[in-house]
Amino acid sequence: MSDREFEIYLSLLSRFLRLKPEQRDEIADELRDHLQQRLDELTRAGMPREDAVQRALEEFGDASELAAHFTRIARERKRRLIMRFTMGSIAATAAAILVAMAFWPRMPAVDMPVAANAQQPPQQAPPEEKSETDEAAGKEIQLLGLEFVELARRNPRDVAVEEKLDEPVELKFVDTPLEDALQYIAEAMSVDILVSNDAAHALQELITVVLNHTDIAARTALELVLERYGLTFAVRDGFVWVLLQDQADRYYEPRVYNCRDLISDSNGAALLGGKGLGGGLGGGFGGGLGGGGGFGGGGVGRAAFGALAESGRSKGKPRRTRTSADALIDLIISATSAKWEQVNAEGGTITEFNGLLVVRHSQATHREIERLLKMLRAADAEKEQTSVAPVYEKTLQFEIREGGDEPKSISGSLGKPRPDPAPDGDDRPERRATEQDDE
Amino acid sequence: MDDRFSPELMRGSLDLMVLSTLAREAKYGYLIQQSLRDASRDRVNVQAGTLYPLLHRLENDKLIRSRWEQSTGRKRKWYELTPAGRARLDQQARQWRDLAACVRRLLAAVPEAPPEPA
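Protein chains in written order, with my numbering: chain V, 1 to 439; chain S, 440 to 557.
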């Protein structure tokens, strides 16, 4: 139905459009529709067809100029929504390998099934040489501490993004539009920030941000900036998604926390002797991972294994753990700021299964839970004064490295370096701190 | 076409005018252009080459959203106001009316010329 001249113009326009084929087609379709209607209108008013065609085309103007307009607009939308992507897959793999290096030296009994899921482990050091492997694996261990079990199981790109978000960033926003603030953070941390459609509706230019911080973790900056406007974020598929807080439940993940050390039997003794076990396990853990899953990042490799054997010895008395498991669940529910189905009739779920806590909630809540569990274990360990103490030294270095600007709910006991020197652990904190200072 | 409004006067109002054509119902580009012409009795005649980039920009700014509708073998792109767009429209309409009232008051000092012969 459309005339040849229209198609010539439209294909010329398309060629000038520096956009994706779908976008080009959409623009061409829209303009074609208009041209046809305009043609009808003019010819119905008596204009000869050829003149009408020419007139209709003239009203669109020069094809290259028009194309430039469309291209610019489409690019701007792209720029706003998808910030600079500088994280190459090489970097992601490198980060993932480092994570794996941190992970595997501490897993004595778990071998290749885990490797099948992630990347090749560069070396497998026996667990007694814990200190050497610490050095070998480098500083990443300090950062990951008890949580790294969960991190290692997640999509390596997500892991890399999470690490970047933990990096400090310096910010000064004065009446900065929220979109620009997000773009700044995205570029500074070399991460992608995507905005969900509904959140984008909320992101009007009218929202501006005032924030002045030096050396704040990028994650914290994001939380501060977004929270005020009913927004939150989640890391998925290597992107940072900005969502409405109401939508956060679409991004809930299940994670498994080994809490056998915290759930005591009726005598009040921890099932596994209070050793620091079990961070959370990432959502998608398959068979091989499930096997190794009992051990957390506590890095007390052999000890952890031994401890699990102990639980076998206690003949797995699930009945008796129920009460304290319930208590732990209640504690988590009351100590986190999130909504829980058993309490609010909406939100996430938390259930216990043989000393394991299965939690389905947002990433932010999972972080809260991890911190809570860390604190509980640190309190336990202080009482016990066991050889596990050096582990908590490492967790503490996590704080030092960030310049102590950890924003949420780390209580005093974790916030300062331990005064009593654990064997061998004493000069480590300072040494590590100095190493990091030199970066 | 000679009695069209001067471009300077129009500049800045075009967004408001386009948004207002969508106040009551969704429209596609050609209809929007037509509404502007009809409402202004042909004095506001936005060229297609201006209108479509403008519509795309408004969509970028999340003031309007689009959807394709298929009917009788043809796809047509319809536009409608978003909540943000409606808010912007209300706000700008209010400002416009206020501005018009101010200017009218100022113009009390200026004698009204008889309408130009068509």
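Among these hints, one or two may not hold up.
[Claimed, not checked] Taking CB as the label site, the calculated pair distances span:
hint : chain 1 : residue 1 : chain 2 : residue 2 : range
1    : S       : Arg482    : V       : Pro21     : 55 to 61 Å
2    : V       : Thr43     : S       : Leu455    : 28 to 34 Å
3    : S       : Arg443    : V       : Asp180    : 49 to 55 Å
4    : S       : Glu447    : V       : Ser337    : 51 to 57 Å
5    : S       : Arg482    : V       : Asp175    : 34 to 40 Å
6    : V       : Leu211    : S       : Arg443    : 56 to 62 Å
[Stated by the list, open to error] Incomplete in silico selection of chain V near chain S, CB under 10 Å:
hint : residue
7    : His34
8    : Arg44
9    : Glu58
10   : Arg72
11   : Glu162
12   : Glu163
13   : Asp166
14   : Asn212
15   : His213
16   : Asp215
17   : Ala234
Everything labelled a hint here was simulated from the structure, so no lab data went into it.
Beta carbons: idealized from backbone N, C-alpha and C, even for Gly.
Verification of the hints:
1. Arg482(S) to Pro21(V): 55 to 61 Å: violated, 40 Å
2. Thr43(V) to Leu455(S): 28 to 34 Å: For Thr43(V) and Leu455(S) the Cβ distance comes to about 33 Å; the hint holds.
3. Arg443(S) to Asp180(V): 49 to 55 Å: With a Cβ separation near 37 Å, Arg443(S) and Asp180(V) fall outside 49 to 55 Å, so the hint is violated.
4. Glu447(S) to Ser337(V): 51 to 57 Å: Between Glu447(S) and Ser337(V), where Cβ atoms are some 54 Å apart, the hint holds.
5. Arg482(S) to Asp175(V): 34 to 40 Å: Given about 39 Å between the Cβ atoms, the range holds.
6. Leu211(V) to Arg443(S): 56 to 62 Å: violated, 47 Å
7. His34: holds, 5 Å
8. Arg44: Not OK, violated: Arg44(V) not within 10 Å of chain S, min 13 Å.
9. Glu58: holds, 9 Å
10. Arg72: At 9 Å from the nearest chain S Cβ, Arg72(V) passes the 10 Å test, so the hint holds.
11. Glu162: Violated, because the Cβ-Cβ distance from Glu162(V) to chain S comes to roughly 29 Å (cut-off 10 Å).
12. Glu163: Interface hint status for Glu163(V): violated (32 Å vs cutoff 10 Å).
13. Asp166: Violated. Min distance 31 Å.
14. Asn212: With a closest approach of 28 Å, the Asn212(V) hint is violated.
15. His213: violated, 28 Å
16. Asp215: violated, 34 Å
17. Ala234: Where the cut-off is 10 Å and the nearest Cβ of chain S is about 21 Å from Ala234(V), the hint is violated.
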